[in-house]
Amino acid sequence: MASPRWFYQISGRWLPWLSLLTFVSIIIGVIWGLGFAPQDAKQGNSFRIIYIHVPASFLALVGYYIMAISGAIAIIWKIKLADVVMKSAAPIGASLTFIALLTGAVWGKPTWGTYWIWDARITSMLILFFLYLGVIVLQKAYSAQGLSNKAAALLALVGTINIPIIYKSVDWWYTLHQPATIKFTEAPSMHPDMFQPLLIMIIGFYLFYVTALIVSMRAEIIFRERNTSWVKELALNLKDKRPI
Amino acid sequence: MNNIGFLAILRRDLLLAVRYRGDLANPLIFFFIVIALIPLGLTPDSKELSEIAPGMLWITALLASLLSLDGLFKDDFADGTLEQIIILPQPLYFMVLAKTIVHWVVTGLPLSLLAPVLGLMLSLPETGYLPLMLSLLIGTAILSLIGSVGAALTLPLNKEGILLSLIVIPFYMPVLIFGSNMVVLAVDGLSIASPLAIMGALLALSLLISPYVTSCALRLSIYG
Numbered sequence: 107m108a109s110p111r112w113f114y115q116i117s118g119r120w121l122p123w124l125s126l127l128t129f130v131s132i133i134i135g136v137i138w139g140l141g142f143a144p145q146d147a148k149q150g151n152s153f154r155i156i157y158i159h160v161p162a163s164f165l166a167l168v169g170y171y172i173m174a175i176s177g178a179i180a181i182i183w184k185i186k187l188a189d190v191v192m193k194s195a196a197p198i199g200a201s202l203t204f205i206a207l208l209t210g211a212v213w214g215k216p217t218w219g220t221y222w223i224w225d226a227r228i229t230s231m232l233i234l235f236f237l238y239l240g241v242i243v244l245q246k247a248y249s250a251q252g253l254s255n256k257a258a259a260l261l262a263l264v265g266t267i268n269i270p271i272i273y274k275s276v277d278w279w280y281t282l283h284q285p286a287t288i289k290f291t292e293a294p295s296m297h298p299d300m301f302q303p304l305l306i307m308i309i310g311f312y313l314f315y316v317t318a319l320i321v322s323m324r325a326e327i328i329f330r331e332r333n334t335s336w337v338k339e340l341a342l343n344l345k346d347k348r349p350i
Numbered sequence: 552m553n554n555i556g557f558l559a560i561l562r563r564d565l566l567l568a569v570r571y572r573g574d575l576a577n578p579l580i581f582f583f584i585v586i587a588l589i590p591l592g593l594t595p596d597s598k599e600l601s602e603i604a605p606g607m608l609w610i611t612a613l614l615a616s617l618l619s620l621d622g623l624f625k626d627d628f629a630d631g632t633l634e635q636i637i638i639l640p641q642p643l644y645f646m647v648l649a650k651t652i653v654h655w656v657v658t659g660l661p662l663s664l665l666a667p668v669l670g671l672m673l674s675l676p677e678t679g680y681l682p683l684m685l686s687l688l689i690g691t692a693i694l695s696l697i698g699s700v701g702a703a704l705t706l707p708l709n710k711e712g713i714l715l716s717l718i719v720i721p722f723y724m725p726v727l728i729f730g731s732n733m734v735v736l737a738v739d740g741l742s743i744a745s746p747l748a749i750m751g752a753l754l755a756l757s758l759l760i761s762p763y764v765t766s767c768a769l770r771l772s773i774y775g
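In the order they appear, the protein sequences are chains A and B. If you want this note's numbering, it's the 1-based position in the first sequence plus 106. If you want this note's numbering, it's the 1-based position in the second sequence plus 551.
Worth flagging that the hints you see were computed from the coordinates, not collected in a lab. Glycine included, C-beta positions come from ideal geometry on N, C-alpha and C.
Just so you have them, the derived chain B footprint on chain A, three or more residues with Cβ under 8 angstroms:
no.: 1; segment: 239-245
no.: 2; segment: 253-262
no.: 3; segment: 267-273
Assemble the whole structure, with the sequences as input and the hints as a guide.
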């Protein structure tokens, strides 16, 4: 169990179903959210970007913990598969953080009148993005020299200790400066008609995250095990099946 | 204290630092030169300078401390000393702590002592001098501790410099926030107790955690 080979085989069976589920839930969520959910009283149609922004931000945060925890497992119990998860999770998380920042900026223009302000939440998201980038850069540098991935895992782990501190300090910094001109007031409770498609989008993004993680893990497993007999067999089988 | 390793490393590194005196001045010169850039790039007007002085002094000191991190373990790694240190029957935690303390003594401490002079050049009000020194004394110690983790993690890589900065800077942000805020509060005539307390807490926390993580990272760097 938990060997890369076992995972490769079992995930190959899951993948079509997962992809289908992801596709269906995101399509339903997008059509419902963009087409049928009621307009926001204050923001009009521009609020609809919430259906991308919120799920992406959710997964960006969750993704960091997934990355760090699997990194810890890889260091402590030396499980190969956890190391693969850690390596694959970093770029996906960074992309989601970027999407969250980008959609936030696009949303900010019509509602706040500006693409960027140094708001506490935006700033902490930006720092999260930097933390992701640090992990990715360290991974790349190590793998370019053919060294193991553990340094990046350790960095991710240190990041988890620091994330609460960074968030608190940014919060504190923001309340000190009090720009007060622009304030993000969220509706206290969302109308169910608006919330249901959002829930579906969040589920869809979770599914998407898992699917993307599995696809990228499979590629990583094949790369790491490229000299083993089972991968060679796999490659030969593929070659025979493909009509050239 | 029965800590031969700690004292031996402390003594050795301090001795090395004294023998290579030339290197000691580099972060200070960097600090000085970059501070001189600020009026050139922004404004020589003393009123405007005094407003940005706390932040600028802090950012520049942070960068000076960051740039000097590169050499923390590098020479010992290159000539095999580090491996010998790791296999010593002494707690690595305290030996790493000793190295970090020496790094702070040769960079953070002189930077903090020099800071009021540069504050004067940026027309920082006099009430800010002592809080500036105090915040830098504590702050650069935290920076050295956090930075040692980054230095250890990037040790086996050939292209350390910029990579180290990318990794470490996000972790420096809280220190910068509280450090420069302390000076701002003092200049405005308010109590500096709360940022001082938080900086103290950060120092205690990083004293506890950083040498341990650095030790792990050093072992990883050497044994894979």
